[in-house]
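Heads up: the sequence lines are chains A and B, in that order. Read in order, the letters of the first sequence correspond to residues 1 to 120 in our numbering. Read in order, the letters of the second sequence correspond to residues 1 to 188 in our numbering.
Source of the hints: derived by calculation from the structure; they are not laboratory data. Treat the hints loosely; a few may be bogus.
Stated by the list, open to error - To give an idea of the chain A side of the interface with chain B (calculated C-beta under 7 Å), a few residues: (1) Asn-26; (2) Gly-29; (3) Arg-32; (4) Asn-73.
All residues carry an ideal CB built from backbone N, CA and C; glycine is no exception.
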Amino acid sequence: MSNLAMSEVKGEDYRVWYDPSASTINCEGSLRLGGSEEYAPIVQLLEGAIASPPITLVLNLTELEFLNSSGINMLSKFVIKARQKDGVKITVRGSETIPWQSKSLKNLQRLMPSLVLEIV
Amino acid sequence: MSVIFGNFIEDLPRNTEFLLLGFSPGSLPIKQRWRNNGLSADFLADYMTTFFPGESAYKHADIKSTVSYIANELLENAMKYSDESETKPISLGLHLFDDKFIFVATNPVAQTKVPAFQDYIKEILESDTYELYVQRLEANSESDTHTQSGLGYLTMINDYNASLGWKFEDLADNSAIAIVSTMVQVSL
């Protein structure tokens with residue numbers, strides 16, 4: 001089994017971590033980092049999770065209260081990368097009690113039509 | 001001299017509820033100030049829910065989410081566009097009307113950055129904003145050189161049905177700096 005260099009990224013208001021046993025990346029809190037450089041550790045974590053396909057990766061955002069446009073940009077770029085890789089499927093799980101998710105997450109599905117979006 | 005793009009209302013009436021926050025960029029490094037963007041945006045959002053007493057919890061959450069997202073984006077943009085050495089203040093106003101919120105962010109911008117900014121604004125106003133959004137994302141995925149991706153404005157238009165406008169004003173005393181006001185209108 002590969003040894004993941006980093007399976008958790010956290011800051012004052014947020015935590016992002018990978019649970020390999022559930023093939024799930026969990027994001028919680030408020031993510032408003034200042035651009036692509038600051039998002040790089042999270043991008044590494046996301047890309048690490050799809051490094052050895054086949055995999056069906058779940059992005060669990062049900063506890064992610066806030067995401068700024070740089071964060072939306074980061075997720076969108078990740079989805080474009082995932083789309084280009086054979087054997088990678090993505091499920092994005094959101095919450096209907098967090099209004100930004102119903103508004104913005106549908107764009108991920110437009111970028112990757114096979115992406116499964118579950119707003120629960 | 002001033003130039004207007006998009007949907008911009010000059011001289012907003014001040015007989016309704018409004019809040020105006022001011023920031024002096026010289027007083028704190030941008031890194032520490034960055035945290036303030038979120039605090040300010042959340043404060044504006046919380047404050048505004050007071051004026052919707054009879055609404056459901058979901059409506060409150062929706063108002064909070066919209067105000068917080070747009071205010072945060074406008075502040076992030078204002079901080080990014082403002083020159084580090086610049087001492088002119090940044091402000092963010094939020095005005096409540098019967099049928100909409102109007103946000104106005106005002107910040108200094110270097111005259112050298114104005115033409116590219118205005119070109120981008122024209123592109124937003126003349127394009128299918130969803131197509132433009134996808135185009136920019138795909139372009140961004142090839143290279144990471146665009147740190148200022150401009151996606152913030154596009155998400156406001158596409159995801160929040162916001163109407164945007166800009167006003168550029170030249171300063172008489174310092175031709176190297178212009179003042180830009182960005183107006184975002186969202187229906188309630």
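Contradicted hints - numbers only: 1, 2
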